[in-house]
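Participant: The task is simple: from the sequences and hints, build the whole structure.
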Amino acid sequence: MTTVYITERRDKHPVLAAVLSLFLPGLGQVLAGKVRRGVLLLLSVITLIGLIMWRINLLAHLEPTAVDKLIKAFSRSPGYIILIFGGLVFIWAWNVRDAWLLNMPDRRGSTILFVVVLMLFFTVGWQISEINLVKMARELSDAWPPLSKILWPWEAAITYDQELVTANAKILVNDDQNPPVPELPVEGVPYIKSTPTYGKMTVRDENNIDIAGDTIAIEGTGFRPNTITELWWKDSGGNQFRPRMNREYVSVVTDADGSFSFDLIIPFRMVPPSAAGQQIHQVEARQTFQVGGPLASDPLKLTIELMIETIFMGMMATFFGILISVPISFLAAKNLMSGSWISKAIYYFVRGIMNIIRSIEPMIWALIAVVWVGLGPFAGILALTIHTIAALGKLYSEAIENIDPGPIEAIQATGATRLQTILFAVVPQMIPPFVSFTIYRWDINVRMSTVIGMVGGGGIGFLLVQYIRLLDYKAAGIAVWFIAITVSILDYVSAEIRQRFV
Amino acid sequence: MSKTEKNSFFKGASMLEFKNLRKVYPDGTVALKRVSFTVEEGEFLIIIGLSGSGKSTLLRCINRLIEPTAGEILWDGSDIIKAQPKELREFRRKIGMIFQHFNLVKRSSVMTNVLSGRLGYVSPGSSLLYRFSDKDKKKALDALEMAGITDQAHKRADELSGGQQQRVGIARALMQDPKLILADEPVASLDPVLAHSILGYLEKLNKQLGITVICSLHYLDLVQRYATRVIGLKDGEIVYRGTAEDIRKMTDDEFKEIYGEEAIRTGAASITGGGEV
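Sequence order for the protein chains is A and U. Per the numbering used here, residue 1 is the first one in the first sequence, and the count goes up by one each step. Per the numbering used here, residue 503 is the first one in the second sequence, and the count goes up by one each step.
Calculated directly from the structure, the hints in this document are not laboratory data. Any given hint might turn out to be false.
[Said to hold, decoys possible] Covered stretches of chain U (in silico footprint by chain A; criterion: 3 or more residues with CB under 8 Å from a CB of chain A, positions within the stretch not fixed):
hint : region
1    : 604–610
2    : 615–622
3    : 628–641
[Said to hold, decoys possible] Label pairs and their calculated CB-CB ranges:
hint : chain 1 : residue 1 : chain 2 : residue 2 : range
4    : U       : Gly-554   : A       : Lys-334   : 17 to 27 Å
5    : A       : Lys-334   : U       : Glu-569   : 15 to 25 Å
6    : U       : Gly-650   : A       : Ala-495   : 34 to 44 Å
7    : A       : Ala-345   : U       : Glu-569   : 19 to 29 Å
8    : U       : Gly-702   : A       : Ser-343   : 42 to 52 Å
9    : A       : Val-39    : U       : Ser-663   : 49 to 59 Å
10   : U       : Gly-579   : A       : Ile-356   : 53 to 63 Å
11   : U       : Lys-640   : A       : Ile-356   : 52 to 62 Å
[Stated by the list, open to error] Cross-link-like lysine-lysine pairs, in silico, BS3-like; alpha carbons within 30 Å at most:
hint : chain 1 : residue 1 : chain 2 : residue 2
12   : U       : Lys-584   : A       : Lys-344
13   : A       : Lys-170   : A       : Lys-234
14   : U       : Lys-588   : A       : Lys-334
15   : U       : Lys-640   : A       : Lys-334
A virtual CB, placed ideally from N, CA and C, is assigned to each residue, including glycine.
Facilitator: Right, here's the structure in full:
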């Protein structure tokens, strides 16, 4: 606090000051000549009381009167209420003491008062921002499954080709007239046979309890030996599903000859009234197994494709940004635009527009661009370009403002034309900052385009947010890894290039 | 001073004539109040005066880096101030200029800086590609040789020391084949020993090539050593006119009348680490 007023010998009224501060915090301090201290104190107390009232109201918004609200709030979080009211009372009391001391001859108030005010603000802020360290510690284990998948997602990066071997048999359901005749086995071809080829389906009564249908014996031959074989059911409408018995999906393992047998209860299937009449269903045995070497999985391929898209989005946005911001930067350079009032007006207009555009984040521009040109990378490019124009325009124009006027007058003095002066005195001075700012911006644009997809602007962000919403953390992890690798390479390269140019 | 009737072919003929030159800046500062004087061909004219006395403004009015408010500057009878852009460039081409802070393009090579002195002669089209003819390149090497810095030709200008940079500045001015060299405090950023070397070099150009020099300076001993004539400026007015003899007889007290208490000699012999005041 300022000590200017100490030198002023004025009459001191410690008691009056203390009483004044008791009724209105800060008033006694003003009496001592410490106007700023008094005003700051008063504003702090008013703000604190306002914030506390708001939070108490939130804690007990259903209670009708202030007293009820206070009681309810106290019952909900007593520690908090005691703390803030204790703090407030302490500040109030200390403020009275401060006013008293300040009005004593040659005494200065302490800064403890403001430390307590800051602590109280911090306490209220803690509650407003809903910080919950207990929950954070208790549920730490919840973070591990997604985190571990994101940190090491590479099992999801490879895949194998799958070969599917199937054979099926027709079953007549809920009827026993003219059951289908089993097909004859062919040597070396997977084959299944059902005995009998007809039966009643499982039905479900009004209490949702299954009444088991008939059992059919399924025999299979000619399959791959010692392999898990799934049994599937297809209804007459062509819909297929895996039937369950004892809550487990039905599957068998083939023996060394590639044969198996299994007693299957015909499963429940809701049959639409329109499909009434004789119905032929099918039972199908399926074997799947990996063939060939490891292959890049779809998430890996998509990630690489979209990473390339992302890098090019950043590049295109930077390119269009440069094209437009270079001419604009001349209009926004104070040293070039200080001639007439018209040029000054243009300067302020351009600067103003650029500041507004720059203060709106690319993510928000992307939301607008998505409405404008539809989902996809072009929307992202558009959003980044708009932001780049404003950002680069400002940096470029500052580079122009900072050029040394000396070489310009020297070249002018040789009898050079205006164009020659620009080429020989202005351009060489502008190239290093232009290159530096452009590379820097490209770096920023690629980084931004990794997240701009989250609002539909194309690029890898689009993919990342989809994987996160599908809870496919391994695939998301692949995208995160690629983003991290690309951004760090780019960071390094851009720093290198800028260092060489400046 | 009156117009001389002598043939301009000979030394001593009137080359430049200033009539009531006046400069008022947009903020209202009167930099020059009706300045009139004549420059003879082959002179080494030194303008002395405090900072803000109007020296730089006066020099820059000659090649119109600063537009004068009123008055005339006659070069062999034609008025520079009335010159149209094309004529102005022809005037500028004949007037080399060197600066206190050298005003080199720091990131360009020494060679490019020197070659840019030739811009008044080359067509704007060819300079679009930063191209110069072999003749111009040869000329630039000659100019660098005269300045004694041939071996620095392919360095970047900002890698050179202050004295070397000023030599590049002079070489650039020489590329213009100038009739007149304007030197705006050419040694103010250099130490006293380098100051003598640069001014000695300007004197050589003045004596051997017959190039007229108008130079603004701060230090009395340098003025006494190099000037053939001196003009003193104070608050935009000429307060002193003297010949070489006058200035050599000038005492420090008279010098201080123009300069105030800031007057100083470099004392190149006695001061070791000296520099600008």
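Participant: Where does the structure disagree with the numbered hints, that is, which hint numbers, in rising order?
Facilitator: The structure breaks only hint 15.
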